[in-house]
Structure formats: C-alpha cells, structure tokens
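Protein sequence lines, in the order shown, are assigned to chains D and C.
The end of the first sequence is residue 438 by my numbering, with every number in the run present.
The end of the second sequence is residue 438 by my numbering, with every number in the run present.
No lab work stands behind these hints: they were computed from the structure.
Check the hints yourself; a few may be wrong.
Which copy is meant is left open, so a pair is good if it fits within one copy or across any two.
Simulated pairs of lysine-lysine, PhoX-like, Cα-Cα distance not exceeding 25 Å [what the hints assert, rightly or not]:
1) Lys-425 to Lys-386
2) Lys-323 to Lys-335
3) Lys-335 to Lys-154
4) Lys-154 to Lys-387
5) Lys-38 to Lys-384
6) Lys-323 to Lys-401
7) Lys-425 to Lys-319
Number of protein chains: 2
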Amino acid sequence: MKAVGVVVEYNPFHNGHFYHISQSKSNSNADVVIAVMSGHFLQRGEPALLDKWHRTKMALNNGVDIVIELPYVFCTGYATAFAEGAIQLLEAIGCTHFAFGSEEGSIQPFLNTFHILKKHEEQYNALIKHYVTTGISYPQSLYKAYEELRQMDVNSTIDLSQPNNILGYHYIEAAKRLNLQIEPMTIPRIKAGFHDDIDNNSTIASATGIRKAIFEQQTLQEIKQFLPPASFTLLKNWQSEYGSFIHWETLWPYLRFAILRNTPEQLSRFADVSEGIEFALIKAAKKSDSFNQFMNQIKSKRYTWTRLQRIVTHIYTGITKDQLHESTKPSYIRLLGMSQNGQAYLSKHKKQFQLPLISRVASTKDPMLLLDIRATDMYALGVEYSSGKQMASDYQTPPIRL
Amino acid sequence: MKAVGVVVEYNPFHNGHFYHISQSKSNSNADVVIAVMSGHFLQRGEPALLDKWHRTKMALNNGVDIVIELPYVFCTGYATAFAEGAIQLLEAIGCTHFAFGSEEGSIQPFLNTFHILKKHEEQYNALIKHYVTTGISYPQSLYKAYEELRQMDVNSTIDLSQPNNILGYHYIEAAKRLNLQIEPMTIPRIKAGFHDDIDNNSTIASATGIRKAIFEQQTLQEIKQFLPPASFTLLKNWQSEYGSFIHWETLWPYLRFAILRNTPEQLSRFADVSEGIEFALIKAAKKSDSFNQFMNQIKSKRYTWTRLQRIVTHIYTGITKDQLHESTKPSYIRLLGMSQNGQAYLSKHKKQFQLPLISRVASTKDPMLLLDIRATDMYALGVEYSSGKQMASDYQTPPIRL
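With the hints as extra help, turn the sequences into a complete structure.
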C-alpha cells in the first residue's frame, strides 16, 4: 500500500483541507493519506480551538486514514524545526510522497529556489546578516536577502512573501538536507488568502478567517458553508460540551498567574524567554485584564505577535529551556487515530517503520513524549476552568477508530 | 509615650480580639497599642478571608493604634520563626511590653516552663528524638517529651496541649533567646475554645468558628453578634465588593494549575516541598476538582493538614527554597495603618526605631519585602479571578489612616 503524507493543524478542518486531501491522494496515486498533526499548541503559538482528539475525528471523517501527532517540541517551534519534525515523521511511517499546499502551486520553482540558495549560500548569509544589523526583523531580512539573489538567476523561483510558500520551502529544505527518500509534491491553494475574512459567496475560507468568525459571531451558522458536514457537527458537539472554543483569552487568567508567579530571573528559565523580554512580560501582565491588552503592550517589530505567542505558550505550559533543548529528530510515532484503511496500512507496514509506533501511552520516560502529555494537561486545565468538565488525558485516550 | 505590642492575624477581627486589646492596654498602662499582623497568607498556611488593608481597618477601628506587617517569611513559617519575627518587630518599634492571649492566663508558669526546658535541654532533646523515631509527628513528640519533664518539677508550668499556650511559649522563648528588652504579659482567653463552633448564647467565638460559619452559611447575620460593629461593616463591604471571602477553594483552580505545571523535580524547588511529597501532590492534583478533595488524598500523620497548607502556600505564591532562606531577623518595619494617636507615637519615636520604617513601597530590592509584594500579587490574582475586580497592590496603597 502506498501512502502520501500531509502536515496539518486542522484548526478547524474546512473545505480547503478536504480539497487538499483529495488532490494529494489522486496526484500521488496513494492508497492512504497520513496526516501529521500538531497537538494542542500550534505553530503560531496558539492553543487549538478544540482538542487533538476532536480534530483527529474531523480528519478521519474527511478522507484522512491515519493521524499521528507532531510532538510539542516541533509543533511550537520555528519553521525549520516544525518542518524537520513533520517530514521525518512522514518518512518514518513509510510515506512515499508528501503534499503541501502553496500559493505557488507547482513543485519545480521550489526546487529551483532550494538550488539557488544552496549555490549562493555564503552570499545569502552575508546579506541576511547585513539586513539584520540594520534593525530589520529576522524573517524580513531573510526575505530581502532572497529577493536580491533571486534577481540573479534565470530559473523560475517562488515568491517567499507568501506564508504557504515559506512553509513549503522549509519542508523541501529539510527533506533535502536530511537526505530523505520522501518525494515532495505541492497542491495549489484555491482562493481564500491566508488572513482573509470569510466570503459568503464562496465555500472556501482560511482557518484564520473561520476562527475570526467563530470568536466574533455568537453562532456557528456563519461558518457552516466552509466546513464539511462532519467537521461542522464536531464543532457543534464541542461547543455544547465545553461551552466555548479555546483561544488565549480563555487561558488568560492562568497565563497571567503563570507570568506573575515568577521573578524576572525565574521567568527567563522558560523556553524562548530571552533578551530581557521577561521584564516587559511581567510589567504588561500586571496591567492587563485581557490577553489582547497584554499583547498590545509588548508587541514590536522585534517581538512580533507570533514570536510573543510562542514565548507565552512555553510559559503557560511551564516548559523550560532545559526541557526544550534542540531536538532535531522525533523519537516515536504517536498514533492519534485511524480509519479501517489506515489500520490495514499499519498492520501491513508497521514492522518497517523507522520509529516505534505508540498507540497507548502507558508510563513513559521519553522526555519528548512527556512534553506532549504536559501540553495536554495544561490545555485541559484551561478548558476545564472554563467549562467545569473533566477532559481526557493522553494516558486515558486510545486512538480514535473510524 | 509607652507602647504595648500584640501579634495578630485578625481573620477576621472579633469581640475576643477587642477584649484582648483593651486588657493589654490597661494591664500595661500603655498609651498606644501596636499590632504586628500577618499579610495575606497566615500561619496555618491559609489565605486570609480578606486583604491586609481591610483587616488593618478592622484593627484601627477597634483600638489598635498602629498596624505593621509581619513579613511573609515569618507569617507562613513554623511557630519558632513566626514568634521570632513578630517579637523582634515589636521590640524594634519600641514596645515596652507585649501581650499574648493564652489558655493559661498568667505569665509565671510560662517563665517556669522556659526555665525547666532550658535546664533539662539535653534530656528534652533526647526524649523528642526518641518519640520521633517511634513514628509520632514532630509536634506530638515535643508534647510528650515536655509532659515527661514537667512531672519532675515542683513549679507550676503551662499545658502545652493548648494552641495559644504553645504560641505564647514561642514568644517567650524567642524573647529570652534573643535577649530582648520587651516584657511579656499574658491575657487569659475568655471562653470559646480554639476550634469550637460558634455558640449563639455568647458574644465570643473563635476566628476558626467564625470562618466556618461564614463558609457554611449564606448570610453574615449568623456571626454578627461575635464582631464589633466596624468589623462587621468591613466584612459586609468586602462581600459586596468582591463577592466572596477568600479561602483555598477560591484559589484552587490556580493552585492546581501551579502544581501540574511542574515536573516532580521542578516542584521540589518550592519552599517546604521535600521527602518526595511532590509526587503525591501531582497525583492528587490531577484527580481533584476541589481543594478539600485534594487535601484528603494526601493528608497523613506525617503530613498534617497545616503542614500541607504551608507547602501549597509556597507553591501557590511560587516561592522557592532559594528565596525562603532561613531569615531570623526582619529588615524593615512595614507600616500598614495608624490612628492619630499612632501617628503621634511614630512622629515622636521613629528616630529611635531599630529598623527602617517603610510607609510607602517604592522600588525595592530587599528580598524580604519583595516576597511580601509577591504574596499580595498572588493573593490579588485569586480574588480578581473570582470577582473580576482589580485589587490594590503594595506599590499603590498608602498606610490606612483613621
């Protein structure tokens, strides 16, 4: 059986994701689709709207055959770490292809970009360094350096101002650098810009737009047209069970508590807290009644909203620098759910997997897995606090079966 | 002007306290009464019903002239540290006498007890050691050792099974050991055993009984007869402002969060967490929806309710072993409030005080004071979380003036 891999957050699962899965499957001629999905905290440093098991059900109900978890160390990391973790897991579970969505839409310009940057590596790094010293943010410096190099080459290259192109490039780069066998493919994203508001004349909206509509509207009806029916039902179920969807405002009282319970020196022990940002965090937390108010006091060119969200994620979960050491290789494949088709694939191939497959978490001492469990516990506390209802934990929850 | 000192928590201020103050003043012929009062966390490891400024107002409205704060390091410590801190502060602010309430009621037996224990110190310590090794708790071992020694002496000694006698003994012991000038007095406690329920045919009830009635009844009317009118009004005001009085159940969601956000190893860094209790704390916190449920899972002969409460106080406030090093001497006198009479005393005598008098907290690096400020912040977070109302902080609040 042939497998194609996808890297996802499904926050929440929408029609665009459905399209991506069917295209990935048909273009790769795969028998099964395997999604490596972030757990409870996402790449832009946000808690997921609903827990990983609900999001796994969304995936399995819409064409994904196997969902595995991207460990906390990768899913809350910068793009390089995120891509490295995800791609290695897809290779480890035997995928022959992986397919990512991009604004670009065809794979050759990605490969050209990789070769150009490789060929001119020294010059590229010198340019980045130059721009950083002028006070421009690191991502912006990367972009400007790239644009200069790009002019010098005749081959078609990708536009790295587009967020999905950037992430796609990191996948390619990680796969090449790590000499993986897995073959990259890209699917053009349809309509819906990344940060767009929802458009009622379409059935496609970005997850960002959908989340915005969820928190701004009192009803889920507004977003119904953008979601497959099973995904919509799961959102409804979550809402009736836990009252509301999870975002930083839900967790703000705890986050504030977690920040103020430290001296600046103690706060600087948490992952990603550096350069004195701890003083600003404490000062702002004292004065803020909401997450939004807090963030607006500290965000800057240097400390972008996303960077700050990653920092507070680690403070919220209580994960220190010592614990989040640079992990470049996953140590396990954590199974979150499978269809019957997915189960057949696992039975047939699991002996060839390059990493142990974990279906149930018993006692573990794997530090990478312990962080996933911690993230679930801390997410659950926030949800329970708002709903008064006990949530499932990693120890109690077997893989979802469809 | 002559001053008598009292050591108090006023949680809340009741008729027994009023009686104690008037007796202390008349028996010592003092012009002013100075109370050294615990801040937001009390000696038995509990958060105060209402904040230190409300409790200061209760005191000033009922005959106390000056309220100063017993620093966090002392007020959450064991009896020895508590007594040492309190007595030294009263000496430092120039009190000629201090008066404590006791079941015993006269001072000579306290002095006799001190001399006997001093005289037979080696034997006493050997007896304690003996009892501890038989598995009896430390306080129980002290008591049994003392009862043995006591039989051997003809002088009248105190009954150390009585809680106020115990605390009184610690004051005497601290004052003697530290060679203080301040002279001890004791006032007999009237009626109301320490842990008694309230009795409707009396106007005296213990603070413990009053707190119990507050949390068990929906109305404050039940306890009105046990409080001076000003004290009752302040309780009413607090209730209408913050909705409820503070106890561990109010703070439980945060305490649980604070416990679960740590590995056992990380948890063991907090003050008083030792001997592997960190594992039991995490295990119980995972399974408990309330503080009561949590405590009942871990309390034992060795880990009494009070000892556990002190442990979780430090976890809640985030104060580590490094921060709560053994402090035996206060470094400042923190003024919480004063009457006009108190103000006159301060103007006249403050140049002779043995420690700096702090009326307003500006920026400070004094580690002892920083812990008091932290304790206020963490207490306030719990109150705000339950009321949605912003509380005063140590930086913003000037001394209360009557």
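Tested hints:
For a Cα distance limit of 25 Å, the shortest separation of Lys-425 from Lys-386 qualifies neither inside one copy, at 36 Å, nor across copies, at 56 Å. Taking CA atoms no more than 25 Å apart as the test, Lys-323 paired with Lys-335 passes inside one copy only; the shortest distance there is 15 Å, against 38 Å between copies. Taking the shortest alpha-carbon separations for Lys-335 and Lys-154, neither the intra-copy value of 33 Å nor the inter-copy value of 63 Å comes in at or below 25 Å. In the homo-oligomer, the alpha carbons of Lys-154 and Lys-387 never lie at most 25 Å apart, since the shortest distance is 36 Å inside one protomer and 75 Å across protomers.
In this assembly of identical chains, Lys-38 and Lys-384 lie within 25 Å of each other by CA distance solely inside one copy; the values are 11 Å within and 91 Å between copies. Taking identical chains as interchangeable, the C-alpha atoms of Lys-323 and Lys-401 lie at most 25 Å apart only when they sit on different chains, with a minimum of 21 Å there against 40 Å within one chain. In this assembly of identical chains, the alpha carbons of Lys-425 and Lys-319 lie at most 25 Å apart only when taken from different copies (19 Å versus 33 Å within one copy).
This entry does not satisfy hints 1, 3, 4, going by the numbered hints stated previously.
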